[in-house]
Amino acid sequence: MAQPLVKKDDDRDEEVDYSPFMGIEKGAVLQEARVFNDPQLDARKCSQVITKLLYLLNQGETFTKFEATDVFFAVTKLFQSKDIGLRRMVYLMIKEISPSADEVIIVTSSLMKDMNSRTDMYRANAIRVLCRIIDGTLLTQIERYLKQAIVDKNPVVASAALVSGIHLLQTTPEIVKRWSNEVQEAVQSRAALVQFHALALLHQIRQNDRLAISKLVTSLTKGTVRSPLAQCLLIRYTSQVIRESGVNSQTVDRPFYDYLEGCLRHKAEMVIFEAAKAITELSNVTTRELTPAITVLQLFLSSSKPVLRFAAVRTLNKVAMTHPMPVTSCNIDMESLISDQNRSIATLAITTLLKTGNESSVDRLMKQITNFMSDIADEFKIVVVEAIRSLCLKFPLKYRSLMNFLSNILREEGGFDYKKAIVDSIVILIRDIPDAKESGLLHLCEFIEDCEFTYLSTQILHFLGNEGPKTSDPSKYIRYIYNRVILENATVRASAVSTLAKFGAMVDTLKPRVFILLRRCLFDNDDEVRDRATLYLNTLGDGSVTETHKDVKDFLFGSFDIPLTNLEITLKNYLQNPAEKPFDITSVPREVKSQPLAEKKATGKKPTGLGAPPPPPTSAADAYERILTAIPEFASFGKLFKSSAPVELTEAETEYAVNVVKHIFDSHVVFQYNCTNTIAEQLLENVTVVVDASEAEEFSEVGTKPIKSLPYDTPAQTFVAYEKPEGIPAIGKFSNTLRFTVKEVDTSTGEAEDDGVEDEYQLEDFEVVAADYILKVGVSNFKNAWESMDAESERVDEYGLGARESLTEAVNAVINLLGMQPCEGTEVVTSNSRSHTCLLSGVYIGNVKVLVRLSFGIDGSKDVAMKLAVRSDDVNVSDVIHEIVASG
Amino acid sequence: MATFLSQEACPTIKNILLLDSEGKRVAVKYYSDDWPTNSAKLAFEKSVFTKTQKTNARNEAEITMLESNIIVYKFVQDLHFFVTGGDDENELILATVLQGFFDAVTLLLRNNVEQREALENLDLILLCLDEIIDGG
Chain A
1 MAQPLVKKDD DRDEEVDYSP FMGIEKGAVL QEARVFNDPQ LDARKCSQVI
51 TKLLYLLNQG ETFTKFEATD VFFAVTKLFQ SKDIGLRRMV YLMIKEISPS
101 ADEVIIVTSS LMKDMNSRTD MYRANAIRVL CRIIDGTLLT QIERYLKQAI
151 VDKNPVVASA ALVSGIHLLQ TTPEIVKRWS NEVQEAVQSR AALVQFHALA
201 LLHQIRQNDR LAISKLVTSL TKGTVRSPLA QCLLIRYTSQ VIRESGVNSQ
251 TVDRPFYDYL EGCLRHKAEM VIFEAAKAIT ELSNVTTREL TPAITVLQLF
301 LSSSKPVLRF AAVRTLNKVA MTHPMPVTSC NIDMESLISD QNRSIATLAI
351 TTLLKTGNES SVDRLMKQIT NFMSDIADEF KIVVVEAIRS LCLKFPLKYR
401 SLMNFLSNIL REEGGFDYKK AIVDSIVILI RDIPDAKESG LLHLCEFIED
451 CEFTYLSTQI LHFLGNEGPK TSDPSKYIRY IYNRVILENA TVRASAVSTL
501 AKFGAMVDTL KPRVFILLRR CLFDNDDEVR DRATLYLNTL GDGSVTETHK
551 DVKDFLFGSF DIPLTNLEIT LKNYLQNPAE KPFDITSVPR EVKSQPLAEK
601 KATGKKPTGL GAPPPPPTSA ADAYERILTA IPEFASFGKL FKSSAPVELT
651 EAETEYAVNV VKHIFDSHVV FQYNCTNTIA EQLLENVTVV VDASEAEEFS
701 EVGTKPIKSL PYDTPAQTFV AYEKPEGIPA IGKFSNTLRF TVKEVDTSTG
751 EAEDDGVEDE YQLEDFEVVA ADYILKVGVS NFKNAWESMD AESERVDEYG
801 LGARESLTEA VNAVINLLGM QPCEGTEVVT SNSRSHTCLL SGVYIGNVKV
851 LVRLSFGIDG SKDVAMKLAV RSDDVNVSDV IHEIVASG
Chain B
1 MATFLSQEAC PTIKNILLLD SEGKRVAVKY YSDDWPTNSA KLAFEKSVFT
51 KTQKTNARNE AEITMLESNI IVYKFVQDLH FFVTGGDDEN ELILATVLQG
101 FFDAVTLLLR NNVEQREALE NLDLILLCLD EIIDGG
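Chains as they are written, first to last, in full-length UniProt numbering: chain A, 1 to 888; chain B, 1 to 136.
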């Protein structure tokens with residue numbers, strides 16, 4: 001008989017290892033919950049049941065509404081028990097179930113009783129539960145108790161109330177804001193945790209009031225802050241204040257910066273790190289300010305705790321992106337981190353080293369990285385590849401070793417994104433470092449021999465087609481390309497055929513050989529390949545060594561400048577209404593709709609949040625160039641010299657918002673009017689701007705381009721072109737009138753009426769001034785540039801500028817008049833100074849470099865005298881500059 | 001407004017996890033909406049577990065990054081503690097939270113920190129979690 005007993009013991013022993021919750025089931029537990037209704041409450045049993053319920057919830061089981069209500073009611077009965085542990089479990093349960101509003105009332109009275117009971121543990125937890133489950137109306141009832149709790153002596157209670165306040169701020173801010181007096185008191189409390197919570201709550205309450213925040217910060221930085229967590233918060237608020245006081249004025253930076261630096265020596269590592277991070281994130285931070293922070297981070301690098309090392313390396317990585325110089329002192333410590341256990345730390349260390357390395361260390365780094373690459377995951381590898389790319393661009397002489405490295409890792413295993421990143425890097429290197437072209441192209445050829453990604457192969461082949469013919473010996477690559485035609489799949493074969501043809505077209509000596517190869521392609525299986533081969537064979541001539549006709553080249557390989565979407569739409573229309581005459585590709589509108597440009601602006605990071613008319617894209621001159629060259633009438637004007645900033649021609653909130661951008665070409669000027677219709681009930685058609693150039697004699701109108709249709713809230717551009725005498729900075733005043741046909745629109749359907757009314761709208765005038773003809777181009781070393789210019793072209797003259805408000809105002813006025821770029825920060829005039837020297841540089845129309853040295857002096861009666869010295873590549877230009885100033 | 005808040009906000013925790021030696025839940029609490037469904041949560045727990053399985057976080061807290069979140073973790077016997085925060089959070093604060101939770105559990109389980117004990121005293125652990133972090 002003894003044996004079976006022993007066996008049972010064994011079983012039980014084994015079972016004990018299993019979870020006490022094994023085999024637990026929701027239904028069974030809910031049944032057990034009935035025990036709550038017992039008049040005699042067994043605390044321990046009830047606790048267990050609640051634990052099981054909570055476990056179920058934790059594992060992700062959900063209760064239906066019915067079940068939840070049942071459990072909730074059962075749980076409320078447990079309030080009768082006096083057992084502390086049970087009560088706390090009850091609180092937990094209530095929070096988990098989150099009852100709806102009507103059920104809440106049942107427990108509010110018991111909870112409120114608890115809030116005022118003598119047991120502090122009850123009070124604290126009751127407060128937290130209550131605040132989680134109630135809404136605004138009930139809150140007013142218990143507000144009194146909460147206010148008392150905030151200033152309670154017991155820190156647990158106070159913290160509970162404060163934390164609840166922080167949460168309630170999200171839903172009912174007005175009520176919580178009334179507590180600010182009590183919270184203020186709590187900030188001075190001795191208990192660390194209370195101070196932390198009070199500070200957080202106070203900050204949230206006063207968030208929108210900048211002045212209050214800065215007052216708060218000032219008072220606390222002088223006083224004592226006991227809790228390290230509160231210190232961290234304070235550091236964050238301080239940096240916020242610094243950031244908001246915005247301008248790079250030296251004086252404001254100082255007091256808070258000293259506080260931050262003091263925090264670097266705090267006892268708690270948390271605070272030190274937070275302070276270092278905050279300093280590195282200050283905008284416009286100087287090297288001197290960074291140094292103490294970086295020293296501290298360097299100490300962290302060699303700590304034994306991985307968390308510290310990780311935090312330090314990550315922050316240094318961020319700093320290295322903007323200020324690589326100060327980080328170089330940590331290089332030695334970081335090199336030891338490359339072999340760290342934690343792979344994230346190692347990768348961060350490597351990327352930082354790559355950013356801060358100098359030429360000599362590059363070789364050493366490369367050796368270490370090769371061992372390292374096999375260990376890390378793909379996403380890390382991509383990070384490393386990109387860092388190597390930027391490193392190579394920084395040190396172009398090292399391209400050989402870096403290129404070898406890249407091609408080595410290209411051969412190894414890797415995912416698509418990883419290989420794509422490497423290929424992109426190699427392509428960029430080839431483009432930017434001409435010496436690397438030959439070896440780079442060879443590496444790419446070797447890669448496509450066994451590349452498994454079709455997309456990459458086609459990309460590389462296309463790239464080869466562009467770059468290969470320009471190298472010294474293109475025939476090398478033909479072998480690789482032709483192998484693709486034989487060996488690969490259809491897409492790659494087609495792409496290889498195109499590439500071969502490009503070689504043939506560009507390099508005449510190879511043409512006969514290319515033709516033989518192309519003829520073989522005519523027997524391919526795939527349609528596309530055969531089509532392409534036929535096309536090229538027929539158009540490229542007869543296979544003899546003659547110059548391929550230029551038109552043919554353009555036809556085959558020129559870029560396709562008609563936007564594809566427009567082509568698609570026009571083709572669809574054509575197919576729907578078959579007409580007699582064949583499809584005419586010139587009928588495809590060349591203007592891309594202005595929507596995509598507006599979207600580009602909208603997806604920019606900074607929220608513009610401006611009023612009704614969205615400003616036209618202020619992206620670089622490239623965008624303007626593209627727009628202008630897309631318009632055939634203006635394409636003949638040559639290269640765009642300068643586009644001015646948009647000048648508003650209407651006031652804000654008017655019906656039609658118009659601003660103008662002046663584009664300056666060598667002998668033409670084009671005015672681009674960006675118009676927006678802000679009236680939903682109107683549709684404007686045939687919008688033109690009639691320009692009265694009576695006050696600008698040197699200009700003669702050459703052409704206009706109207707807007708066909710301008711619906712509500714879609715900006716569009718119309719252009720007016722003028723011819724002007726070449727080279728001379730003609731100036732003039734232009735008055736403008738917007739002329740259009742307006743049609744009423746039914747806003748509900750969006751349909752416009754058929755006939756419209758002609759109407760005009762007067763716009764403001766604008767001028768073309770001399771400053772429009774000068775591009776702002778800065779030079780880094782003004783003195784050198786000045787010396788290198790021909791002294792013969794120097795013209796010096798003195799001017800009296802009359803009475804001015806201040807020296808700053810005079811300086812700014814002259815800078816605006818000339819439209820040139822101030823160099824080396826000389827546009828900032830120190831206040832209360834009597835004299836100032838300003839250095840300007842720019843490029844005049846006709847690509848003439850101009851440098852200007854201005855000396856200002858202001859005397860007691862606020863009269864400003866100015867001495868102007870000009871040097872430029874062309875003597876006439878110097879004279880012109882003087883004329884501008886004289887007349888301005 | 002959102003960016004304004006997030007930089008100066010009180011340090012917040014996204015979740016805190018206590019997993020067993022097979023990666024299954026013992027006690028978890030989520031304080032953010034990054035993982036809306038239960039399956040998303042389980043998937044996250046699984047990925048965290050597999051990523052940290054091979055490392056050794058017995059003596060000192062270790063740290064790693066996953067999907068732009070920072071995770072600080074520690075292992076004891078057969079239990080794994082994880083604390084997750086956003087990627088601009090102060091890592092040291094996260095580490096302090098982890099240490100606090102870990103010490104509290106050690107005290108509660110009377111220095112016998114292992115899976116069985118934890119499950120038997122699950123109620124205590126849940127209470128402890130609740131008191132350490134209130135809603136993040």
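Don't read these hints as lab results, they were simulated from the structure.
Glycine included, each C-beta is placed from N, C-alpha and C at the ideal position.
Mixed in with the good hints there might be a few duds.
[To be verified] Stretch by stretch, here's where chain B covers chain A in the computed footprint (C-beta under 8 Å, at least three residues):
no.	stretch
1	268 to 276
2	514 to 528
3	680 to 688
[Unchecked claim] Computed list of lysine-lysine pairs in DSS-like fashion (alpha-carbon distance at most 30 Å, straight line):
no.	chain 1	residue 1	chain 2	residue 2
4	B	54	A	267
5	A	318	B	54
6	B	51	B	41
7	A	318	B	24
8	A	420	B	74
9	A	113	B	74
So, going through the hints one by one against the coordinates:
A count of 4 residues in the stretch 268 to 276 of chain A with a Cβ less than 8 Å from any Cβ of chain B is obtained; the coverage claim is therefore met, three being the minimum. Chain B is given as covering the stretch 514 to 528 of chain A, and this is violated because 0 residues of the stretch bring a CB closer than 8 Å to a CB of that chain, at least three being needed. Remark: the stretch 680 to 688 of chain A is not confirmed as covered by chain B, as 0 of its residues place a Cβ nearer than 8 Å to a Cβ of that chain, below the required three. With a C-alpha separation of about 34 Å, the suggested pair residue 54 of chain B and residue 267 of chain A falls outside the 30 Å cut-off, and the hint is violated.
Distance check on the hinted pair: residue 318 of chain A and residue 54 of chain B sit about 28 Å apart at the alpha-carbon level, within 30 Å; holds. Note on residue 51 of chain B and residue 41 of chain B: the hinted pairing holds, with a Cα-Cα distance of about 15 Å set against a maximum of 30 Å. A distance of roughly 36 Å separates the Cα atoms of residue 318 of chain A and residue 24 of chain B; the hinted pair therefore is violated under the 30 Å criterion. Restraint check for residue 420 of chain A and residue 74 of chain B: the C-alpha separation of about 37 Å exceeds 30 Å, so the hint is violated.
Between residue 113 of chain A and residue 74 of chain B, the direct Cα distance comes to roughly 41 Å. Violation of the 30 Å bound is thereby established for this hinted pair.
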